[in-house]
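As they're listed, the protein sequences go chains Z and P.
Per this note's numbering, the first sequence runs over residues 2 to 460.
Per this note's numbering, the second sequence runs over residues 2 to 460.
Quick caveat, the hints were computed from the structure, so don't treat them as lab data.
A portion of the hints provided could be inaccurate.
Identical chains share a label here; the pair holds if one copy fits it or two copies do between them.
Said to hold, decoys possible - Computed cross-link-like contacts, DSS-like style, restricted to lysine-lysine with a CA-CA straight-line distance of at most 25 Å:
hint: 1; residue 1: K173; residue 2: K189
hint: 2; residue 1: K173; residue 2: K55
hint: 3; residue 1: K74; residue 2: K393
hint: 4; residue 1: K292; residue 2: K199
2 protein chains.
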Amino acid sequence: MKRDKIKQILTDLTEKEVLICAWVRTNRAQAQFGFLNVNDGSTLPNLQVVYDAKLENFQEISKFRVGVSVQIKGRVVLTPNMKQPLEVHADEIIMLGDCPETYPIQPKRHTREFLRDNAHLRARTNLFNAVFRIRSVAAMAVHSYFQERGYVYVHTPLITCADCEGSDQMFKITTLDVNNLPYTEDGKVDFSKDLFGKQAFITGSGQLHGETFAMAFGDIYTFGPTFRTENSNTKTHANEFWMIEPEMAFCDLEGLMDIEEEMLKYVCKYVLDRCPDEINFCDQFVEKGLKQKITDLLNSSFVRISHHDVIDLLKKAPVKWEFLPSYDDDIAKEHEKYITDYFHGPVFIKDWPKDIKAYYMKVNPDNKTVAAVDLVVPQAGELMGGSQREEKLDVLLKRMEEMGVEKDGIDWYLDTRRYGGCVHSGFGMGFERLIMYLTGIENIRDVIPYPRTPKNVQY
Amino acid sequence: MKRDKIKQILTDLTEKEVLICAWVRTNRAQAQFGFLNVNDGSTLPNLQVVYDAKLENFQEISKFRVGVSVQIKGRVVLTPNMKQPLEVHADEIIMLGDCPETYPIQPKRHTREFLRDNAHLRARTNLFNAVFRIRSVAAMAVHSYFQERGYVYVHTPLITCADCEGSDQMFKITTLDVNNLPYTEDGKVDFSKDLFGKQAFITGSGQLHGETFAMAFGDIYTFGPTFRTENSNTKTHANEFWMIEPEMAFCDLEGLMDIEEEMLKYVCKYVLDRCPDEINFCDQFVEKGLKQKITDLLNSSFVRISHHDVIDLLKKAPVKWEFLPSYDDDIAKEHEKYITDYFHGPVFIKDWPKDIKAYYMKVNPDNKTVAAVDLVVPQAGELMGGSQREEKLDVLLKRMEEMGVEKDGIDWYLDTRRYGGCVHSGFGMGFERLIMYLTGIENIRDVIPYPRTPKNVQY
Chain Z
2 MKRDKIKQIL TDLTEKEVLI CAWVRTNRAQ AQFGFLNVND GSTLPNLQVV
52 YDAKLENFQE ISKFRVGVSV QIKGRVVLTP NMKQPLEVHA DEIIMLGDCP
102 ETYPIQPKRH TREFLRDNAH LRARTNLFNA VFRIRSVAAM AVHSYFQERG
152 YVYVHTPLIT CADCEGSDQM FKITTLDVNN LPYTEDGKVD FSKDLFGKQA
202 FITGSGQLHG ETFAMAFGDI YTFGPTFRTE NSNTKTHANE FWMIEPEMAF
252 CDLEGLMDIE EEMLKYVCKY VLDRCPDEIN FCDQFVEKGL KQKITDLLNS
302 SFVRISHHDV IDLLKKAPVK WEFLPSYDDD IAKEHEKYIT DYFHGPVFIK
352 DWPKDIKAYY MKVNPDNKTV AAVDLVVPQA GELMGGSQRE EKLDVLLKRM
402 EEMGVEKDGI DWYLDTRRYG GCVHSGFGMG FERLIMYLTG IENIRDVIPY
452 PRTPKNVQY
Chain P
2 MKRDKIKQIL TDLTEKEVLI CAWVRTNRAQ AQFGFLNVND GSTLPNLQVV
52 YDAKLENFQE ISKFRVGVSV QIKGRVVLTP NMKQPLEVHA DEIIMLGDCP
102 ETYPIQPKRH TREFLRDNAH LRARTNLFNA VFRIRSVAAM AVHSYFQERG
152 YVYVHTPLIT CADCEGSDQM FKITTLDVNN LPYTEDGKVD FSKDLFGKQA
202 FITGSGQLHG ETFAMAFGDI YTFGPTFRTE NSNTKTHANE FWMIEPEMAF
252 CDLEGLMDIE EEMLKYVCKY VLDRCPDEIN FCDQFVEKGL KQKITDLLNS
302 SFVRISHHDV IDLLKKAPVK WEFLPSYDDD IAKEHEKYIT DYFHGPVFIK
352 DWPKDIKAYY MKVNPDNKTV AAVDLVVPQA GELMGGSQRE EKLDVLLKRM
402 EEMGVEKDGI DWYLDTRRYG GCVHSGFGMG FERLIMYLTG IENIRDVIPY
452 PRTPKNVQY
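From just these sequences and the hints, can you work out the full model?
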């Protein structure tokens with residue numbers, strides 16, 4: 002027997018017989034009748050079910066606690082004059098699974114901290130129902146954007162010896178018995194005995210591997226989990242997160258910004274269209290004005306300005322900075338906020354001083370800056386970071402030497418510059434940063450199903 | 002200036018001015034004219050470009066080597082009577098990036114082994130262009146199937162201390178200096194000094210976490226990388242692979258099989274519709290009859306039969322088995338082959354002896370078997386494995402005790418049975434197994450961009 006999903010019932014708005022399986026969110030019982038509010042996870046709103054004393058187990062039903070799973074047979078009745086558009090009049094209600102009074106998720110306000118400590122149950126609250134559905138729909142939006150445009154989705158490896166972020170930022174992995182390690186003659190751990198025959202890591206980026214595939218398919222993207230070992234307890238850092246890294250052959254910095262802007266707008270629109278209840282919920286309970294913020298972004302044309310000109314603006318600004326703006330330095334959060342306020346919208350900051358950026362970025366003709374670009378948006382700050390890549394082998398090698406990057410492990414990567422190299426560009430977008438932007442949630446721990454942060458690997 | 006993609010040019014079939022950026026696959030130069038076959042990765046077929054001595058750099062062009070990246074301005078000319086539907090008459094051809102004679106990917110047959118040793122270049126061959134595009138499109142098919150049906154995509158954690166496959170199968174991770182480890186008083190490694198404050202692993206399954214989200218959203222799926230430490234050098238084992246793990250509340254074993262069958266057919270049809278060139282290529286050069294095999298699957302109704310009845314069939318079969326069929330045992334590859342041949346199509350084998358299956362599977366009323374199901378398909382063998390889950394807490398606890406599964410680390414998981422538990426089911430599908438089925442490729446190393454196998458973590 003097929004169950005009817007609440008989302009479908011609320012969409013159809015048709016009077017008919019239905020079979021529902023769901024969980025009880027509230028139960029208001031009176032002497033002769035009662036109301037169950039149930040949710041089956043298919044949509045954010047609950048369904049109101051009316052039951053009355055004609056049901057033979059009426060007494061039993063009226064004692065169903067919050068969290069109980071139930072099967073309900075009944076009829077949809079439209080109620081256009083009530084708060085909700087319809088309700089179900091129950092002909093039969095059966096308890097499928099009981100739930101004790103000690104159930105932690107009660108119909109009241111729980112703190113985010115309490116819910117983090119009940120991460121395996123928090124998706125049963127309205128807030129996390131909204132957040133994790135938006136996360137799912139946004140992931141689909143990302144795939145749809147790239148696949149509709151012919152990009153090839155590449156599963157770059159997570160286990161690796163090469164990494165564009167540097168191995169001091171990577172977790173080491175092993176199959177060796179850590180309490181009984183083999184050693185070489187000079188007293189180091191003998192990784193030749195390990196599964197891969199050498200020390201291996203889990204990756205912080207798929208970019209280098211992605212570039213090799215862009216040289217075959219033209220346009221590619223990655224979308225997968227990424228790891229950093231940072232011992233950092235902030236609202237925006239996690240040790241495991243998901244990242245999207247597109248890479249496009251025959252694409253320069255201007256083309257890159259076009260794609261970033263188009264993609265971000267596409268994803269925002271996709272989520273607005275498909276998650277109206279969830280966005281409204283977050284607008285009401287998480288970030289007032291959320292929907293307007295996203296709509297404004299859709300209607301804006303992103304400003305493009307050089308790092309140099311940003312510093313000029315910051316220096317002229319009538320603001321007492323905590324961090325003094327400098328032509329040679331990164332910009333601080335307070336600067337990002339000023340700039341997005343100044344332009345009333347998202348801003349691409351491009352052409353950064355080369356000494357503070359990665360070795361693989363294209364050196365500009367001035368030999369002082371690189372063709373890198375960060376997208377900063379109102380409230381969320383930096384959302385994407387990308388660059389045109391240095392396609393000239395000799396320049397790239399020189400940059401690697403200057404920055405102390407080992408050539409040995411990534412000689413295969415350098416082949417992209419040896420064999421039919423071309424102008425190409427790519428960017429990275431932290432998926433959690435996007436979800437925080439789309440929901441208004443301020444702590445990264447609340448947009449990841451089971452967050453991993455220092456000292457925290459529960460579940 | 003926007004480039005025209007070869008896929009679009011071949012689809013439009015329109016005479017017009019175009020700008021192409023691509024790589025040279027072959028170059029046949031004669032005295033007064035020449036032909037470049039170029040590919041930009043947007044599609045499998047090459048584009049033929051005709052150039053003649055009127056171009057001022059004609060002599061230079063005629064020496065362009067295989068692998069060179071080029072920019073071509075020219076006109077599309079339809080050639081309905083030729084082998085290819087159109088060609089481009091070049092007005093301008095510029096070399097973007099040179100390629101030396103030593104370029105490993107020449108227009109000739111390379112062995113799969115040679116190409117594995119050039120994994121960073123092999124996507125530039127027709128074979129891997131086809132395979133990795135099919136992989137990308139199949140991934141999208143999986144997402145589309147579940148998202149269209151309202152499933153929530155859940156990013157279950159990769160770093161974990163809990164795992165449904167057991168920690169002996171998991172990689173250990175650490176941020177400690179392995180050559181200078183801290184020890185506790187009793188001489189064990191002191192993981193309280195590690196980033197997470199205890200020993201952590203990378204996961205072999207997202208099922209347990211997935212189940213907790215199914216109890217909130219009803220229908221969920223995971224799709225992400227998975228790891229096993231198996232020191233196994235076979236054609237079907239890799240230490241890193243991608244897995245899809247859907248989990249459905251209010252769904253029993255029969256419902257599970259319905260979903261598995263519908264999903265597999267959906268994905269096969271999606272790939273057939275969108276990758277005709279790639280499927281034809283694999284049909285011609287990898288597995289003769291591939292397209293027919295997939296079409297047959299689409300038109301078949303999958304057989305459902307119990308493990309017991311399969312053993313009956315095997316025992317009666319006029320075959321001398323290497324492994325004797327047994328009612329208490331797993332079935333061997335030779336058995337799977339016999340069964341799919343016998344039924345001329347995919348077969349669900351269900352109700353397995355409980356002693357050879359996992360603790361979380363639903364114990365059947367006979368108390369001897371569990372409501373588990375494996376889907377075996379012609380040629381590829383087992384493609385999916387799933388089960389109805391044991392939703393009764395007392396039975397589950399007893400099974401855990403019988404099988405020696407520690408309760409401590411997964412008490413949170415048991416809450417799914419304490420708070421509004423319900424009948425639920427899920428399955429796992431190894432994504433590489435699916436791609437091998439869809440391409441005919443027999444070695445898992447050739448369907449993963451950068452495969453990880455014992456002693457092999459190059460790139």
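Checklist line | Hints the structure fails to honour | finding: 2 and 4
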